[in-house]
Amino acid sequence: MKILKEGDTKKVACNTCESFQSATFKLRNVPFSDGSGLVKNVLVGVCDTCDCVAVVPHQSTPLIKKQLDKLRKPLEGRVPSHLVDILNLASDQLGAATDFVPSLIKFYIHALSKNEISSSNLSSLLKTDLAQGKATKRISLKGRYVVEEAELVKASAHIESTTELLKSVVLKINDDILVHKRAKQIKALESLVAATA
Amino acid sequence: MPKFSDIKHQIIQCLVEGNVLHEARNDIDIKNLLEVGVISIEEVTEILKRSRGNEYESSPHHLDKSIHVHVIKTRHKSEQWYIKWYFIEPDAVFISVHQ
Numbered sequence: 001m002k003i004l005k006e007g008d009t010k011k012v013a014c015n016t017c018e019s020f021q022s023a024t025f026k027l028r029n030v031p032f033s034d035g036s037g038l039v040k041n042v043l044v045g046v047c048d049t050c051d052c053v054a055v056v057p058h059q060s061t062p063l064i065k066k067q068l069d070k071l072r073k074p075l076e077g078r079v080p081s082h083l084v085d086i087l088n089l090a091s092d093q094l095g096a097a098t099d100f101v102p103s104l105i106k107f108y109i110h111a112l113s114k115n116e117i118s119s120s121n122l123s124s125l126l127k128t129d130l131a132q133g134k135a136t137k138r139i140s141l142k143g144r145y146v147v148e149e150a151e152l153v154k155a156s157a158h159i160e161s162t163t164e165l166l167k168s169v170v171l172k173i174n175d176d177i178l179v180h181k182r183a184k185q186i187k188a189l190e191s192l193v194a195a196t197a
Numbered sequence: 001m002p003k004f005s006d007i008k009h010q011i012i013q014c015l016v017e018g019n020v021l022h023e024a025r026n027d028i029d030i031k032n033l034l035e036v037g038v039i040s041i042e043e044v045t046e047i048l049k050r051s052r053g054n055e056y057e058s059s060p061h062h063l064d065k066s067i068h069v070h071v072i073k074t075r076h077k078s079e080q081w082y083i084k085w086y087f088i089e090p091d092a093v094f095i096s097v098h099q
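First to last, the protein sequences are chains A and B.
Per the numbering used here, residue 1 is the first one in the first sequence, and the count goes up by one each step.
Per the numbering used here, residue 1 is the first one in the second sequence, and the count goes up by one each step.
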């Protein structure tokens, strides 16, 4: 790979100047386009006319990927095995295979964080018999927003730990899908199953 | 329109030699899957190697009509890919690499 150094220059399109300009490679803190964070001290081509970042050399990609992976760290917790059975049964009820389980939990965390599903009874679910048991299985969720959304739900439901949050969400899924078979949630999830099948 | 086989040869050469830049609009485009490392240079090379002439388009760059923008829309491993770039020798500047 051709390695660029700080101070090297190239002619590239600058979308701010709306013309081709000379750009000098410099270390900058550059944000992600979705506003989810920024990459610090990364080598980029800066337009000599407007000082905007016009180009990113591919040698900066490993640093960008590392930062993106850090932002997307998994949401994890250990739970009793019967809670994983509940998730598998709920997926089956929705006409999906067990690989739908992460999407099912993320759907709930998202809806709870947006108050589309009420989080008011989450902490009371943790006092039920089904919340008890030795934590022998791991739940791990990856996604761009799941960690942030989980924090919102923890705050609104007054739940301290991620593990307790995951347990309460599974019990909420049990309540909605398997026990009360709530049509609104089932319909929305069936559409998600169809879209991701 | 530039000859597809010449363009294909040139882009693969840029990828193999690592003369690769990504266009930026003062930020890091998370939709550019090559820029953020979701897909590797080797995988993009493979996708472009398998692409055909009827999947290729080109048009003049809106900021400089003497520079061509190249687009390949192709299927690879059941995924639709959209890859767009221009050349400023010796580099290929990728505008989009997304599904």
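Think of the hints as simulated: they come from the structure by calculation, not from any bench.
Incorrect hints may have been included.
Unchecked claim - Once the Cα atoms are required to be at most 30 Å apart in a straight line, the calculated DSS-like pairs of lysine-lysine come out as:
1) A/73 / A/11
2) A/134 / A/106
3) B/73 / A/65
4) A/26 / B/73
5) A/11 / B/77
Status of the hints after comparison with the structure:
no. : hint          : in the structure
1   : A/73 / A/11   : violated, 37 Å
2   : A/134 / A/106 : holds, 24 Å
3   : B/73 / A/65   : holds, 25 Å
4   : A/26 / B/73   : violated, 33 Å
5   : A/11 / B/77   : violated, 35 Å
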